[in-house]
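Fit chain Y to the supplied structure of chain C, relying on the hints for placement.
Protein chains: 2
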Amino acid sequence: MAQKGEFDIIREFFQRPVADAGVHLGIGDDAALLAVPAGHELVVSTDTLVAGRHFPEATAPFDIGWKALAVNLSDLAAMGARARWVTLALTLPDSDEDFLREFSRGLFALAEREQVSLVGGDTTRGPLALTVTALGDVPLGAALKRSGARVGDDLYVSGTVGDAGLGLRLELGQWLDEIAPAAAEFALQRLRRPEPRLGLGFALRGVATACLDVSDGLAQDLGHLLAASRTGAVLELDWLPRSAALAGIEPAFADVLALTSGDDYELLFTAPPSARERLAALPVTRIGRMTEVPGLQLWRGGNPVEMPVAGFTHF
Amino acid sequence: MAQKGEFDIIREFFQRPVADAGVHLGIGDDAALLAVPAGHELVVSTDTLVAGRHFPEATAPFDIGWKALAVNLSDLAAMGARARWVTLALTLPDSDEDFLREFSRGLFALAEREQVSLVGGDTTRGPLALTVTALGDVPLGAALKRSGARVGDDLYVSGTVGDAGLGLRLELGQWLDEIAPAAAEFALQRLRRPEPRLGLGFALRGVATACLDVSDGLAQDLGHLLAASRTGAVLELDWLPRSAALAGIEPAFADVLALTSGDDYELLFTAPPSARERLAALPVTRIGRMTEVPGLQLWRGGNPVEMPVAGFTHF
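Which chain is which? The protein sequence lines are C and Y, in order.
One point on numbering: in the numbering used here, the residue at position 146 of the first sequence is 1279, and numbering is uninterrupted.
One point on numbering: in the numbering used here, the residue at position 196 of the second sequence is 1329, and numbering is uninterrupted.
Bound-form chain C, shown alone:
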């Protein structure tokens, strides 16, 4: 098959009609021209996925496209932002049309659902890697930061944690005999098609005092929130929300997965006790509270416990 040039690739796979009136100029010029609404801040996040490091080499191209976008939108969700636009820098070994078709289908499946427009990018030949820059907006002063938690605030996490970590082990061929097929499928789906919690981030504006997304593992990411907020936390292990899939594995492993595995992309946030009633309507679970004593204390049934915690680091 003839190799397509960069411009053909962009035209065929990445240039789609844009419905957003805020896109004054999209793909095809030296830069995009975008309108940030008055009274809003621009929210910007960049993340790279490298094959073999952030996803197994054999990952389906559709899922790579989905995930590259999802992990960046998750950062916007963690700020309470509305996702608006993305740029994509795609480096791939050759212009494999099957890969590009499926990759762009995965990317646009999520982009169109979330009404996010691809406004620019770059395709380059080289080892497979993707960098997405996600752009959003948030009313001035409404963004959720890592730094606002106060002593006495409750600590929450959305959804369930540890599922993507289980999925990664299954993808690597571990634990296959111990997990029921439906549970395995659920965990793999969590790994392959993370869901950015944009609606939840929006709902947490004015409620959460600090927020971030769980990308590197709950314990490690919580550490960033504690450092930025200059507080400590008590986390009740038995309160950690676990899926049925995680409930099916040995409890000690489940604890480690829930605390240390990455890629769940749930929101971890704090809010004052006065917000409990309001938060009861949202898919979130209270898992602890913020303390003056620095650092993270793990408790079980109200008593401190020791636990080996090793975060998943990308570097």
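Simulated from the structure, these hints should not be mistaken for lab results.
The structure presented is a predicted model; accordingly, all values stated were derived computationally and were not measured.
Mixed in with the good hints, there may be bad ones.
Selected chain Y positions facing chain C (Cβ under 7 Å, derived; list incomplete) [claimed, not checked]:
| # | residue |
| --- | --- |
| 1 | A1211 |
| 2 | P1314 |
| 3 | L1345 |
For glycine and all other residues, C-beta sits at the position ideal for the given N, C-alpha and C.
Quick look at chain Y alone, frame taken from chain C:
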């Protein structure tokens, strides 16, 4: 040497004080929060540099940092934008501190000179590659696009063209005997430390009818301008501005370099004849005019000539 983690790398090499009051939140949270001034559009461009493809593997780390930023700022210059902020996604094989120190020095040397703030990014382990997303602003409606050229407009290019192409050949060990040392040094500098023409782009607001930057070679990039503007052009070969370095090589080769070599990052633009007097004060050269006849015609001394033109493609 112990490997540094991602967070140490960011803190040590990439987190510098930010003077820009428009940066409400910089490096260290899930995303940056930025203020685009009222009445302005946001201008966004993304470019990737891959080792061995966009720069020789042996390129000095300082120059890699400089160039990764310069090529993106050049896109903003081509829009007539003011450069404000950048994010950096850096993938490197190991956390080599010498590399990181020199790389960040090169990046910040240009960033600080141009008053551009690094507001976010990502470091990842993998084959050396860099993706920069550059963000700028421009008053609403003032951006220079590729699409505004009109039949009868003059065609201009800034600075001199073909120098970086000569530099690349020298870097690859070619033509070394034929070029004087001072000329070689000049050409290598043009390749290694491109200068984004931000001041010129600013000066062309309200004057240029269409504009882009010469990254892939003058003939190829002019083709994009012609396609976007639906015009043709006549280009006078003898009017192409050449440096003393290029004047030192065989004229036929110099023509090919001036027309087809990339990485010069000069601005190529159109303006009505009524702007000639105003443009005489700027470091630009008139090289042709826009025609109703589609395509690019090369002329020499007022007569059409044939010439083999092969662009430098990144893909």
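Now for the hints, and whether the structure bears them out:
The beta carbon of A1211(Y) comes within 4 Å of a beta carbon in chain C, closer than 7 Å, and the hint placing it at the interface holds. For P1314(Y), the interface hint is violated, the least distance from its beta-carbon to any beta-carbon of chain C being 34 Å, above 7 Å. Interface restraint check: L1345(Y) against chain C, minimum CB-CB distance 5 Å, threshold 7 Å, status holds.
This entry does not satisfy hint 2, going by the numbered hints stated previously; all others are met.
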